[in-house]
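2 protein chains.
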Amino acid sequence: MAHAAQNESNSYERTHFTSELQKLQTGTEVRVAGWIEDFRDIGKLGFIILRDVTGLVQAVLVGENLQKAKSIPRQSNILLKGVLQGTKSKNFPFEIKVEEVFVFSPASLSLPVDPTGRVESNLDTRLDSRALDLRNPKISNIFIIRSNVLKLIRDFFLENKFIEVNTPKIIGSASEGGSNLFSFDYFKRKGFLAQSPQLYKEQLVLALDRVYEIAPFFRAENSHTLRHLNEFLSVDLEAAYLDYYEIMSIVEELIKKILMHLRDSNNIESENSLIRGNALNDLISNPFPKISYEKCLDELNRLGEKVTFGDDLSDSSLKKLGEKYDKFYFIVDWPLSLKPFYIHEKESHPTLSKSFDLQFGYLELVSGGTRQHDVSKLKSRLVEQGLSPESFRDHLRVFEWGMPPHSGCGLGFDRLMMVLLGLSNIREAVLYPRDTSRISP
Amino acid sequence: MAHAAQNESNSYERTHFTSELQKLQTGTEVRVAGWIEDFRDIGKLGFIILRDVTGLVQAVLVGENLQKAKSIPRQSNILLKGVLQGTKSKNFPFEIKVEEVFVFSPASLSLPVDPTGRVESNLDTRLDSRALDLRNPKISNIFIIRSNVLKLIRDFFLENKFIEVNTPKIIGSASEGGSNLFSFDYFKRKGFLAQSPQLYKEQLVLALDRVYEIAPFFRAENSHTLRHLNEFLSVDLEAAYLDYYEIMSIVEELIKKILMHLRDSNNIESENSLIRGNALNDLISNPFPKISYEKCLDELNRLGEKVTFGDDLSDSSLKKLGEKYDKFYFIVDWPLSLKPFYIHEKESHPTLSKSFDLQFGYLELVSGGTRQHDVSKLKSRLVEQGLSPESFRDHLRVFEWGMPPHSGCGLGFDRLMMVLLGLSNIREAVLYPRDTSRISP
Chain A
1 MAHAAQNESN SYERTHFTSE LQKLQTGTEV RVAGWIEDFR DIGKLGFIIL
51 RDVTGLVQAV LVGENLQKAK SIPRQSNILL KGVLQGTKSK NFPFEIKVEE
101 VFVFSPASLS LPVDPTGRVE SNLDTRLDSR ALDLRNPKIS NIFIIRSNVL
151 KLIRDFFLEN KFIEVNTPKI IGSASEGGSN LFSFDYFKRK GFLAQSPQLY
201 KEQLVLALDR VYEIAPFFRA ENSHTLRHLN EFLSVDLEAA YLDYYEIMSI
251 VEELIKKILM HLRDSNNIES ENSLIRGNAL NDLISNPFPK ISYEKCLDEL
301 NRLGEKVTFG DDLSDSSLKK LGEKYDKFYF IVDWPLSLKP FYIHEKESHP
351 TLSKSFDLQF GYLELVSGGT RQHDVSKLKS RLVEQGLSPE SFRDHLRVFE
401 WGMPPHSGCG LGFDRLMMVL LGLSNIREAV LYPRDTSRIS P
Chain B
1 MAHAAQNESN SYERTHFTSE LQKLQTGTEV RVAGWIEDFR DIGKLGFIIL
51 RDVTGLVQAV LVGENLQKAK SIPRQSNILL KGVLQGTKSK NFPFEIKVEE
101 VFVFSPASLS LPVDPTGRVE SNLDTRLDSR ALDLRNPKIS NIFIIRSNVL
151 KLIRDFFLEN KFIEVNTPKI IGSASEGGSN LFSFDYFKRK GFLAQSPQLY
201 KEQLVLALDR VYEIAPFFRA ENSHTLRHLN EFLSVDLEAA YLDYYEIMSI
251 VEELIKKILM HLRDSNNIES ENSLIRGNAL NDLISNPFPK ISYEKCLDEL
301 NRLGEKVTFG DDLSDSSLKK LGEKYDKFYF IVDWPLSLKP FYIHEKESHP
351 TLSKSFDLQF GYLELVSGGT RQHDVSKLKS RLVEQGLSPE SFRDHLRVFE
401 WGMPPHSGCG LGFDRLMMVL LGLSNIREAV LYPRDTSRIS P
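So the sequences go chain by chain: A and B.
Quick note on numbering: the working numbering labels position 301 of the first sequence as 301, and the sequence is numbered without any gaps.
Quick note on numbering: the working numbering labels position 217 of the second sequence as 217, and the sequence is numbered without any gaps.
FYI, nobody ran anything at the bench for these hints, they're computed from the structure.
Incorrect hints may appear among the rest.
Any copy will do: because identical chains look the same in the list, a pair fits if it lies in one copy or spans two.
The calculated lysine to any residue pairs, modelled on SDA-like cross-linking and capped at a C-alpha distance of 25 Å, are [to be verified]:
1. K188 - D128
2. K257 - K295
3. K68 - D282
4. K151 - K256
5. K290 - E384
6. K23 - K161
7. K295 - L387
8. K151 - L274
9. K190 - D128
10. K377 - D128
11. K97 - E29
12. K138 - K161
Based on the sequences and whatever the hints tell you, model everything.
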């Protein structure tokens, strides 16, 4: 530990994580701390298998320490002081000869879920006891990977000259349509929880050129599915002077960097066979297909779906597309009428828009496009969509201050993790998911 | 630009940021984009000073391009295509001989604030037009530094084996007292906006050992000061097996890393003379003083303040302390009665607690401590503070699953930026601040 107590002595000072022991020599004195995964008593000797966040270690006990260990419930939190020695065990390259056992916290004898994962529990029970559920390394690994992928994304943005921004989560008007916003009393006014940083990130390219944000956003939608949550982590970017094809290149490069990271990390075992082994290498080395909305319609009608221009793609249609394009692919050039007011029309085909979604099979992961930066066109589009330019006054005036052309996108991070790790429910990728029926713990 | 359009040609393809031009040779063809900071017409020649997020460049125009330039309002967003050449200007090492001027967005002739900073506006006017205010490089620089400091903090945590977590911002009970929480309807139940990740980060050390989060939190306090906001960015950490002295070491090391970064970044001009020049070097090389609460009382009473044991330190007291200790210092070992239920008592003096605040002058920046991990003591402390253990049921049960001893702290990031950059109002450090009277833009 780098930080020794300078004042009162810290009785629980651990010297090493279990994963750090293999670098040490036999005979080294160590203090490791963690949870009793298992205890075996074979008479004169006893063995504790101790788990910490980095792995497992075996410890051997005799005499008084063995007697003490017999009375400690499994999954209790303890510190073992001892010396590294060789072992006859087939499962461990070395063991700790215990000199002292210190119990920090005894565990209850009846635990709501089995943290070793031997006894399976259903997801609801696990989420009710999430902290204990995370003791299972298969589960904690999801969140260690999540943390690493977030770092990778931020580094990628900084390399590409994006500035990290923090936009407000409390907003004063239910601007983007607004039916899906949580609302509350904000000092005698009405406040809303932001659903996305869309308007703010567009405003910020006025001066900061390229911005990104990774932050929680909120959607009051009353539906319960395996791929939606009411609070979610969104990765948003916006960039001046780039168009939607350039944003797609950025997104594709980013996703491939993440895939390479997954491939090169030994501790990753994606259960998603689509992004494992050779399939993973193929994904990394080939461009993601780009399919126009109109081509999607042709294919879907050939497959018996009745879809006409201007229809949104239903779950059923997306499932059919997802069978053919079962990995990452872009759907580009959506009808303008299906897209929000801030999306730019295609000059060559004004009923189409400069827009894209990145899909994985039937799941939408990213939505983006070139933005309209001509304020008079923005106003017409608002009116077309039944929205009032007056309620967007604060936003529209920014476009009269020399707004550069710009493009951007938003990526649903929890859903991306779900896809990357082959999880069948988005709740598996979130520590404390929020849905219509779950608001605690 | 790394990402060329693959489909329709992108008419606004910039080749370089202005700061990248100095690496190029005379004669290179470039396309730069930005805002017209200034235009001078001297007859047969004209000069545009173009600003982008990285700096300024001078461009010289003749003939048709000069005629066109005369009609473009200042602060309009344009692209200049041209060739690098030498210059007679004293202010620029080279200039762009313009071949083509492309106007993306004309700026309005009457701007609400002057983005060159020559005409000053009051803060409210600036915040009402924040996007334009940010065109002033003195202002945008605050947020570029903010972005860099966030990266530094995250890298520091990862080096120290902290896992990034995302805890929920929507919570189901107004647990920590709760009078300061925004509340709203959440699918026929009551939901609240989290004020801190305190309970969640403690729960997560049960399995993840060391966690950190940088996220927005919310406080419904109806007060209007220069140092509080109702939405703020908090840096939170929690670590198993560390005590509060070790957390103070981590905090001090982190703050010093940030100070070194400020010192070594050429573009930083802190207006805070306390952390500039020699004062900055002194701060980096000397330990932050640690003063006990009881010693603070002695000093304050000597200075004429009437404070007795158990009193919180009033604004007036903190201002007096801040005159003597005018930079970073810790106040340690606060009375247990002043601290939340989750703070650990000092075994040697049970009326005191294992707690600390990091101050800068009279401003509190960080609050932290060793946590109570004994569930029966936690329950007594709740009752002592008039809170109901039953309403903390979800939280308390985690302590029966083998909870390690742990410590942590929370740092108010906006306030830290305020101190580091010598800003007199926290609103200067936040893009779109939220207070009792401001919820837009």
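Comparing the hints with the structure gives:
For the homomeric pair K188 and D128, the shortest alpha-carbon distance between copies (20 Å) is at most 25 Å, but the shortest distance inside one copy (36 Å) is not. In this homomeric assembly, K257 and K295 never come within 25 Å of each other (Cα to Cα): the closest approach is 29 Å inside a single copy and 54 Å across copies. Taking CA atoms no more than 25 Å apart as the test, K68 paired with D282 passes in neither setting, with 55 Å inside one copy and 51 Å between copies. For a Cα distance limit of 25 Å, the shortest separation of K151 from K256 qualifies both inside one copy, at 15 Å, and across copies, at 22 Å.
Taking the closest pair of Cα atoms, K290 and E384 never come within 25 Å of each other, the shortest separation being 29 Å inside a single copy and 63 Å across copies. Only between protomers do K23 and K161 lie at most 25 Å apart by alpha-carbon distance; the minimum there is 17 Å, versus 39 Å within a single protomer. Taking identical chains as interchangeable, the C-alpha atoms of K295 and L387 are never at most 25 Å apart, the minima being 31 Å within one chain and 62 Å between chains. Taking the shortest Cα distances, K151 and L274 sit within 25 Å of each other inside one copy (24 Å), while across copies they are farther apart (33 Å).
For the identical chains of this complex, K190 and D128 are inter-copy neighbours only, at 19 Å across copies versus 33 Å inside a copy, given an alpha-carbon limit of 25 Å. In this homomeric assembly, K377 and D128 come within 25 Å of each other (Cα to Cα) only across copies, at 23 Å, whereas the closest approach inside a single copy is 50 Å. Taking the closest pair of Cα atoms, K97 and E29 come within 25 Å of each other only inside a single copy of the chain (9 Å); across copies the shortest separation is 71 Å, beyond that limit. Proximity of K138 to K161 under the C-alpha cut-off of 25 Å is restricted to the inter-copy arrangement: shortest distance 19 Å between copies versus 35 Å within a copy.
Violated hints, in rising order: 2, 3, 5, 7; the structure is consistent with all others.
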